[in-house]
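Position chain B with the ligand relative to chain A; hints supplied.
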Amino acid sequence: MQNEQMYIKESQEIYDAIVVGSGVAGGWAAKELCEKGQKTLMIERGRIVEHRKDYIGENKAPWQQEYRTRVDNLLLEQQYKIQQQCYAFKDATKHFFGNDRDLPYNTPKDKPFSWIRANQLGGKSLLWHRQSYRFSDYDFAANSLDGYGNDWPVRYQDIADWYSYVEKHAGISGNADNLPQLPNSDFLPPFEMNSPEKAIKAKLEALFPKRNLIMGRAAHLTKPTELHYSQGRVQCQARNECQAGCSFGAYFSTQSSTLPAAAKTGLLHIAPDSVVHSLIYDEQKNRVVGVRVIDNNDLSQREYFAKVVFLCASTLGSTQILLNSATKTQPKGLANSSGVLGHYLMDHNYNANAGGDVEGFEDEIDRGRRPTGILVPNFYYQPDAKRKFLRGYMLGGSAYRENWQSSQYQDGIGVDFKNKLKQAGKWKFGLYAMGEMLPRFENHVALHPTLKDKWGMPQLDIHCEYSENEKLMMEDAKEQMTVMLEAVGVTNISAKTSDKPPGLAIHEVGTARMGRDPKTSVLNSFNQSHNIPNLFVTDGASFCSTAPQNPSLSFMAFTARAVDYALKEQAAGRL
Amino acid sequence: MSHNQGDKSPQTHNKSRRDFLNKIGLLVGVGTATSLLGGNAISVAMAYTPQQDSTSKAGKLLSQAQLIQLKAICAQVIPKTETLGAAEVDVHGFIDNQLFHCHTTAEQQKVVTLLSNIDKESNAQYQHQFAALTATQQVELLTQIEMGGQSFKQQYRGDFKFLKSLICFGYYTSEVGASQELRYLAVPGGYKGSIPYKKSDADWGSMGLYY
Ligand SMILES: Cc1cc2nc3c(=O)[nH]c(=O)nc-3n(C[C@H](O)[C@H](O)[C@H](O)COP(=O)(O)OP(=O)(O)OC[C@H]3O[C@@H](n4cnc5c(N)ncnc54)[C@H](O)[C@@H]3O)c2cc1C
Numbered sequence: 001m002q003n004e005q006m007y008i009k010e011s012q013e014i015y016d017a018i019v020v021g022s023g024v025a026g027g028w029a030a031k032e033l034c035e036k037g038q039k040t041l042m043i044e045r046g047r048i049v050e051h052r053k054d055y056i057g058e059n060k061a062p063w064q065q066e067y068r069t070r071v072d073n074l075l076l077e078q079q080y081k082i083q084q085q086c087y088a089f090k091d092a093t094k095h096f097f098g099n100d101r102d103l104p105y106n107t108p109k110d111k112p113f114s115w116i117r118a119n120q121l122g123g124k125s126l127l128w129h130r131q132s133y134r135f136s137d138y139d140f141a142a143n144s145l146d147g148y149g150n151d152w153p154v155r156y157q158d159i160a161d162w163y164s165y166v167e168k169h170a171g172i173s174g175n176a177d178n179l180p181q182l183p184n185s186d187f188l189p190p191f192e193m194n195s196p197e198k199a200i201k202a203k204l205e206a207l208f209p210k211r212n213l214i215m216g217r218a219a220h221l222t223k224p225t226e227l228h229y230s231q232g233r234v235q236c237q238a239r240n241e242c243q244a245g246c247s248f249g250a251y252f253s254t255q256s257s258t259l260p261a262a263a264k265t266g267l268l269h270i271a272p273d274s275v276v277h278s279l280i281y282d283e284q285k286n287r288v289v290g291v292r293v294i295d296n297n298d299l300s301q302r303e304y305f306a307k308v309v310f311l312c313a314s315t316l317g318s319t320q321i322l323l324n325s326a327t328k329t330q331p332k333g334l335a336n337s338s339g340v341l342g343h344y345l346m347d348h349n350y351n352a353n354a355g356g357d358v359e360g361f362e363d364e365i366d367r368g369r370r371p372t373g374i375l376v377p378n379f380y381y382q383p384d385a386k387r388k389f390l391r392g393y394m395l396g397g398s399a400y401r402e403n404w405q406s407s408q409y410q411d412g413i414g415v416d417f418k419n420k421l422k423q424a425g426k427w428k429f430g431l432y433a434m435g436e437m438l439p440r441f442e443n444h445v446a447l448h449p450t451l452k453d454k455w456g457m458p459q460l461d462i463h464c465e466y467s468e469n470e471k472l473m474m475e476d477a478k479e480q481m482t483v484m485l486e487a488v489g490v491t492n493i494s495a496k497t498s499d500k501p502p503g504l505a506i507h508e509v510g511t512a513r514m515g516r517d518p519k520t521s522v523l524n525s526f527n528q529s530h531n532i533p534n535l536f537v538t539d540g541a542s543f544c545s546t547a548p549q550n551p552s553l554s555f556m557a558f559t560a561r562a563v564d565y566a567l568k569e570q571a572a573g574r575l
Numbered sequence: 001m002s003h004n005q006g007d008k009s010p011q012t013h014n015k016s017r018r019d020f021l022n023k024i025g026l027l028v029g030v031g032t033a034t035s036l037l038g039g040n041a042i043s044v045a046m047a048y049t050p051q052q053d054s055t056s057k058a059g060k061l062l063s064q065a066q067l068i069q070l071k072a073i074c075a076q077v078i079p080k081t082e083t084l085g086a087a088e089v090d091v092h093g094f095i096d097n098q099l100f101h102c103h104t105t106a107e108q109q110k111v112v113t114l115l116s117n118i119d120k121e122s123n124a125q126y127q128h129q130f131a132a133l134t135a136t137q138q139v140e141l142l143t144q145i146e147m148g149g150q151s152f153k154q155q156y157r158g159d160f161k162f163l164k165s166l167i168c169f170g171y172y173t174s175e176v177g178a179s180q181e182l183r184y185l186a187v188p189g190g191y192k193g194s195i196p197y198k199k200s201d202a203d204w205g206s207m208g209l210y211y
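In order, the protein sequence lines correspond to chains A and B.
Here the first sequence is numbered in this note's numbering, starting from 1 and rising by one per residue.
Here the second sequence is numbered in this note's numbering, starting from 1 and rising by one per residue.
Only chain B is shown next, with the shape it has when bound in the complex:
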C-alpha cells in the first residue's frame, strides 16, 4: 500500500476527499464508506471559498481600496509562475476574512497601518498610490519596506513580515498552493523514513499543519 518512490505528480495530487473514499472503500467496501462518511460532507461547504473578485466591494475588515492594494501586494509576494499566484487564488480576500475572524484587533490594526504606511511611502516616492505603481516600482518599494531601510522604520519590517506570513498561510493552505505548487498527500498510505529528494521536487504541502 505504500508508494515509496519519490512521488511524481499528478498521482500525489490526490484530492483529499475522493482519494480518501477510494482508499477506505477498498478496505471496508465503497457502499459502506460512502454512507458512513456521508455526514462529513456538510462542513466542507462552510470553508472560505476563493471569490472571483474580492476587490469589487469592501471586505469584512478592509475597504475596497485596501483590498485592491492588498491584491497588488499578494501578486508581488507570490506571483504567478507555472502555477497561479496569491492574487489569482484570492489570498487578499482570504486575509480579510481570516483577520476578521481569527486574529486579534492588534494584528488587524497592524495590517491596516502597514497598508496605509505603504501608500504613504508610495505617494512620497512616486507620487502615486501603491496600486497604481508599475510592477518594478512595487517590488522596489516592498523590498525597501521589508528591509526596513533608511527612510523606513524598523516597524515596517516587522509589520511586513507579519503580512507576508498571512499571504504565505493563505496561499500554501489554498488548494492551488498546497496541491499544485506543493505536493499534497491526503492519504499517504504509510510512513517512509527516507526517499530520494532533488531540489526540483516540490515539497509536501501536507506537512506540519496538524499536530
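Here chain A stands alone, though its shape is the one from the complex:
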C-alpha cells in the first residue's frame, strides 16, 4: 500500500479495530489484527518515523556529530531535563525521546519518578535495549505466595505458545540454557562470549551450583530466517548503535518488524500526530465506540470510531487515557469499577553494580560491538523465609578491555602517553543488578485536579518509591556480586549501591492490572476490561508483578494472545 493511503487524518469510517499507540504492544496488536483480516486504525500521538529514512542519527561517527555524541546544555536544560537521565540519551538518539517541556507531569518533591518517553511512531521500540526473557511459573506465582499484589490470572502454560509465536517473528538470539526460572525461547543463535566471560562462567558455575552465567538473550537477528528476510531484515552487524535506528532491520522494532507485516495486509491505517484524549463510551450498550483526539500540531479535535479498542499507549499512557475517560456513571475513570486503576505501579530497581580487573587474556581482544551482554539469571527464584527480602534479581554485565576512556587518567603526557592510549587496556568485568519491585497499592498515578498539558490532557501525578524491600535487595546484590567476583578471581573489586529514582529502569508496569476478580482488578486474564467487553489493554499496565525479567517480550506475547481471544469472542457474538 502507498504511504499516502496508509496515513489518514479525517475519517468517519467505523474501523474493525482501533489500536492506540505504536510501540512494542501497539505494533503487535496492529499486526495481529490486520493479519486476521481486521481493518485497523493505529493511532499515534507523535510524528511519523519511517524505517531507514528517518534514522537521522544513524551511522554517524563521533566526529560527524555536532558535539561528538554529547548534547548541547541549553537543549538539555530546556527540553530534556528528565530524558537526559536515560543512558541511551545521546546526540544520535535524542529526537526519539519525549520532550519534557511539552510533556509535564508531577511528583512529590521527595519522591522523584523519571518518566522516560518516546512519543513517535514506533514508540520505545526504537530505543529499547532488546533484552528478551520469558517469565516462568516462579514469576506468575510470586504474588500468590507472599501476598503482595494479586495473583496473576495466567500461568506459564497459558502463554508459552504465544511466546514461541512472537519470538519466531521478532527474532530472539540466545542459548537454550534449560533453566527453570528462565524458560528457553525459540532461539536464533546466541552472540558469542569473549574469553574472560567463558572463563568466569566456568568458575562461577562450578563454585555456585544454582548460579548460571549465560549469554544475554536479545531481539537481534544473529541468523535471519526466510521470514526475517521477507520482512526486509538482515543480519546484525554488531554496531551497537541500535537506539539511533537500524537500517539493517537487525533488531526488533515496530518499524523493522510488526509495521511492515501489518502494512502488507493492506488493512492498516495510521493516524499520526493524533493525541488520544479519551475514549468515547456508549453507556446504553456498555461499549467503547471510538476515541477523541487532539491534533498534535494544531490542537484541533477529531474522533475515530471502531468496533473494538486496544489500548497500547504504554503503561502510564494507557492508564492516563482510561482515567481521563471518566463519565458521570464512571467517575473514577472508565473500566474502573474495582477502584485499582492507577494503582500498583512498579518498575525494576537497577541500583547496585560491581566490577574489577581480570588478569590475563592480554593476547586477545574481541571484535565488533556486541549489542547484548552476559546474564546471571535470578538465583533467588524459590522463596526463602530466611532471606531479608522478598523476590529476586538478575545480574547483567560483560567483560571488556579498557580503552582510552579510562587509560587517559594515568599520569603522563607526550609520545609515551599517546602510545599507551593506542593500546587496548586491561580486561575488566562488570555486573549490575536488575531487581524486582513489589506491587504496592500506594505506588500510584492519578490525574492532577487542575494542571493540563498543551493538548488539554490532565497531567499525571506520579507517586512511586522503592520500599525497604527493594533497598535490602540491592544491598544483597552488592554483597553477592562481591562474593562472586572474588570467587572467580576478579581483583580490585569495587561495588556500590546508588539511589536512582524509579522510572529509570524504564520497565514501568502495573496500574491497570489483570486478575480473576473484577472487584480487585481492571482486566481479565486476556487483557480484556472486566467492565467493558470490547476494550483491551495489552501493554505493561496490565501486569500484576514485574518479575526480574525485562518485560517487553511478554508485552508481545500477551498482546498477540489478547487479539486472538478478542476475535474469538467477537465471532461468538460476545464483544
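Not one of these hints is a red herring.
A few chain A residues facing chain B, derived, Cβ under 8 Å:
#1 Met-193
#2 Glu-364
#3 Arg-370
#4 Asn-403
#5 Val-415
#6 Ala-424
To be clear, the hints were calculated from the coordinates, so they are not data collected in a lab.
Remember, predicted model here, so these are calculated numbers, not experimental data.
Cβ atoms here follow ideal geometry from the backbone N, Cα and C, with glycine treated the same way.
Same frame as chain A, but now just chain B with the ligand:
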C-alpha cells in the same frame, strides 16, 4: 560477512558513511540504500569541523591568547607521531566549542583558572608565558602541574586531569584519532568474542562511545 582475522589497516579504517552505504547496498540494493538514507546526510554538516587555525581569533569561551596557550598544551599532551597530534587536529578549537556548549560554567571556569595558573607558574619559574617556553620547559612544567608537586597545589592536579580528559576526548573522537591512530569499525559485520591481539595493534577507536 565477518572478518575474523586481527584486522590490518587500511581495511578497518572504513570511513563510516561510505562503508555503511556499501554494506547496506549489498543487502537492499545500492539505489534503495542511497535514496533511503539520503536524509541522514544533512545533519553531518553541522558537526564541529576542525579549523585550519582556531588561534587566529578569540573563541566562544577562550581568548585568543588562551587558545594559543591551549594549543601548545595539546601539542605536548598528544604530540604528532606517525599520526597527527591533538594540536594539528584542532583539539584546542574543539575544546573551546565543546566547553561552551556541553559543560557547566564550573567546568568552564576550571579550565580558565588552570590556564591562568599555568601561566602564573610559567612566569614565576621561567619568566615567560607558557606558550613562549621551549618544548622541554613546557613538558617539565605540565608534568609538575599534573603531579601536583611541591610548589603546586593539589587542585592543579585535578584541574589538569580534567583538561587532559577534554584533550583525549577531542582527539580520540576526531577522525584522525578514532580512525588513524586507533582502528575505527563503522560496520563490524558481526561480533567475534576473541581474535589475536599484540601490543603493537592499535585499539578499536569505535568502542564504548555509545551504549
Ligand atoms: C533505553 C531503553 C532501554 C530499554 N531496554 C529494554 C530491554 O532491554 N528489554 C525490554 O524488555 N524492555 C526495554 N525497555 C522498555 C521497553 O522499551 C518498553 O517496555 C516497551 O517498548 C514499551 O512498549 P509499549 O508499546 O507499551 O509502549 P511505547 O513503546 O512507549 O509505545 C507507546 C506509544 O503510544 C503513544 N501514546 C502514548 N499516549 C498516547 C495518547 N494519549 N494518544 C496516542 N498515542 C499515545 C506513544 O507516543 C508511543 O508511541 C527499554 C526502554 C528504553 C527507553
